[in-house]
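Undergrad: Keeping their order, the protein sequence lines are chains A and B.
For the first sequence, the numbering used here begins at 1 and goes up steadily by one.
For the second sequence, the numbering used here begins at 1 and goes up steadily by one.
Please keep in mind that the hints were generated in silico from the structure rather than gathered at the bench.
Keep in mind that a hint or two might mislead.
With a Cα cut of at most 20 angstroms, we get these calculated SDA-like pairs of lysine to any residue [said to hold, decoys possible]:
1. B:Lys322 x B:Ala196
2. B:Lys278 x A:His370
3. A:Lys456 x B:Ala32
4. A:Lys138 x A:Cys183
5. A:Lys330 x B:Trp218
6. A:Lys345 x A:Lys138
7. B:Lys278 x A:Arg368
8. A:Lys142 x A:Cys183
Spelled out, the chains give:
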Amino acid sequence: MNMQRSEMQGDPLVSVRNLRVSFRLDRHNVFDAVRGISFDIPRNATLALVGESGSGKSVTALAILGLLPPENAIVHQGSEVLYGGRNVAGLPQRELRKLRGADISMIFQEPMTSLNPVFTVGYQLEEVLRLHRGLAGKAARKRSIELLEEVGIPDASFKIDAFPSQMSGGQQQRVMIAMAIACEPKLLIADEPTTALDVTIQRQILELIAELQRRHQMSVLFITHDLAVVGEIADHVVVMRNGEIREQGTAKAIFEAPQDAYTKALLQCRPQLDRRPMRLPVIDDYMAAGHAGPKHMEERARGVNPDDAVILDVRNLSKSFWSREGLFGKREFKAVANVSFKLAKGKTLGLVGESGSGKTTVGLTLMRLHEATAGQALFEGKDILAMSEAEFMSYKRRIQIIFQNPYASLNPRFTVGQIVTEPMAIHGIGASTQERTELAFAMLDKVGLPEVSFYKYPHEFSGGQRQRIAIARCLTLKPDILICDESVSALDVSVQAQVLNLLADLQDEFRLSYIFISHDLAVVKYISDQVMVMNEGELVELADSDEIYRAPKQPYTQRLLSAIPRGWQAAAHAAGD
Amino acid sequence: MSSNAAAIPRAHRPQGPREIPQHVSPGLWTLAWRRLKSDRVGMVSLAIVIAFIVLMILSATGLIAADWSREVGVNYAPPTIAGPDVNSLGPGAATATGAEGPTEATTFKSTVVDPIGDVIAELKGETTAAGTAAGSGVVDPLADVMKDIQSSKGAGAAAPEETRLATLPFGGDKWGRDVLKKTIKGSETSIFVGIAAALVATLIGTVLGAVSGYYGRWVDDALNWFYNVFSSIPYLLLILAVAAVLQQKGTMTIILILGLTGWTGIFRLIRAEYMKHKGREYVQAADAIGASNARRMFTHIFPNVSHVVLVQLSILTVGFIKAEVILSFLGFGVPVDVVSWGSMLNEAQNELILGKWWQLVAATTAMALLVTAFSLFTDALRDALDPKLKGIAG
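Construct the entire structure; sequences and hints are all you get.
TA: Encoded structure:
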């Protein structure tokens, strides 16, 4: 550790020493979120704080800013956040406010909720300048326009009077960054600033932050769960887990020679573009006692043969939404326009696109959760879109969907047993409650959940376990097609790997066909035989996954693929060029 | 929840070869109850509310206060704590200013002239309900006969010649009826009306709100139109109109009136909840597995909004207890022969001029205590069911 510190130039900007933060849950229980961590934020560099959910990385950032909720957060005695020779951890709020914005500023994950929707972006920018810089009137406005130009907002003198709702998500995040750098802070804390953004926008924002860091010679504390992003932007990396630091060092050291088992696992379990093992490595492969390292790392062949049986043939699928305009007028918005594809039995079709591309609408329309505007979907030769509700009922069983958010897709008032047996009761699978219960136990076992789960409620499970419950619910119906709508996007990378492995196992066992919808191109590459790229409701390109990633034909696909964060290796190559 | 197969009876655990671990997870209600138990104010108010309801049930089954209409005290008998002196205008005032202490229960001659009154008074001195009779040394040959006569007259219609108490614990009314018993009897009407009307209103509001919010479109338009018309008519006028249509006064009538007019607030709330929930992924997931509309509405969404319904039920009960009191006070409420806190207050209106404040105090205190306790309990209930409202993440 000492060796690593000595590599950092000069004295650090911020030193965190033995930081311990706890949260009061109720009268008796206290949760230790951060358990005595120490690290330095060097001057003029980017430090990445990496960890999965619950690792305490955001709490650490909030503690540096003094933004922890005072009613239930406890910063323990002996915790030090040294900035400019002072311990800011114990400062009164009045003193902290002077620091925040001027010396230390922060950008948050959700730009949509961080900007006040009833004020123009110009007003909100000028407010920062007025409070911290004493600028007012024309001077403030002029500086605001400069700032907007600096963060790359086109036509800034016009956009300054726009409301946040009139801007795209990427532009809103740029405005947030403009506000954060308005007073030329010495430290910029960025808490998952690109997680809510599309991959192309993410790239732009990352480049902007890197450029601003160099130009203003400030320090950036970059908080993220995504190691690929870290590899591109960070000089130093701190890996956290369960409130403790597992490893810290330079980005080079962490990526090229990780010492800690957890760091190694984290680096390995994310799907990579150039490899497709039979099973993704999971944390347990590295962390479990007497581990033997990951198994089944041989390549898995993906791709579709022309003579594969087709289970679902979608022809010219269209879905429009109408919004009222004026008294009688209607305006059509084409969410999906003329999309045709074939899904082969036992294969995976990946569906990628940016937000608003209509990929989720395709899934929901095939499930008939939306009414299709036009087109056919031939399921074994029968058009399921033209059927009556009663006719469709028997097909409903055979097409199932796993939603994005496992926290929202399970009824919180049902026990897992009720959740898993209900579909069987509706479709008359299993003769009696007893038989259905037995089937449910078998299914829970299949997705790797203990039997006792049957009696528990969803809130007692973690995100990955909940997604397993959702998968078990679908499997009870013995479906032929499983639509996965961003099903692993909300999960931590280590859990994501487990769920992806489960999906691959189930496909091998039951010859399931998947339509895998995701914005995460690396995940889609890993799981898919074919990939379909959508943009603004239209099909851009459809090809075998290996082919499309190796040689994309359409310009849009090329742009999309080049925006994927490629992690440390790619950045190192780029630096070498 | 219905008895469909989604709700697996815990008794139906499989008895297969495997050992299934026995485990019961705390559900929403268990967790809410745990949180409620740690809320001191909530528990005290719950105890008060339960005490009131127990009194009400005991009175309804005739175990206590069944003889509330017996005229056991003198007219306008003052409360024991104030002593008989207060009744300076009362007919018994002259004799009351005796050497006896103000807090002692005293037997009195009836004000009505009665030839054998004195004899009976002596007898009564030992046999009244006040219970001073035991161990009297006076030997009276006519005692047994008189006792028979007394008992044959029945408890309900008090004999004018009966000796009455000068003071009663909470005082007496115009006819000398015990205000304490009257208050207990009155609680029967007020609480029953409050709870029953709240149930009716909640049922109407919840069903209409669920249908409106879930189906949306023209169903929502139609129900909203109905709601708007309904809520644009002044409340009291509507009650008068419904009362005129129903053509009779009675406890059932007032429950119906309050129930039929009070559903609007909960309708809006439940409608909004259903609109919010029908777009949630778990409802879409239920659609995907083939659950019918009714199943989605009541098996899936309803348990998720039931805490709102419960809190609304509690709020409405408080409101309707007050509404019944107000209506009875105004004379639109329960008929005169049924005692309720409202009719007590109505009587107290005239008594107050004479300086007889105890009926007012008794009815008001009882109502205020119950309503305050109920409101505090409602707050505690809401906090327990939705701990995030308090700002402390659970």
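Undergrad: A separate judgement is required for each hint: does it hold in the structure or not?
TA: To see whether the hints hold, each was checked on the structure:
| no. | hint | verdict |
| --- | --- | --- |
| 1 | B:Lys322 x B:Ala196 | holds (14 angstroms) |
| 2 | B:Lys278 x A:His370 | holds (14 angstroms) |
| 3 | A:Lys456 x B:Ala32 | holds (16 angstroms) |
| 4 | A:Lys138 x A:Cys183 | holds (17 angstroms) |
| 5 | A:Lys330 x B:Trp218 | holds (18 angstroms) |
| 6 | A:Lys345 x A:Lys138 | violated (66 angstroms) |
| 7 | B:Lys278 x A:Arg368 | holds (16 angstroms) |
| 8 | A:Lys142 x A:Cys183 | holds (14 angstroms) |
In this structure, the one hint that does not hold is number 6.
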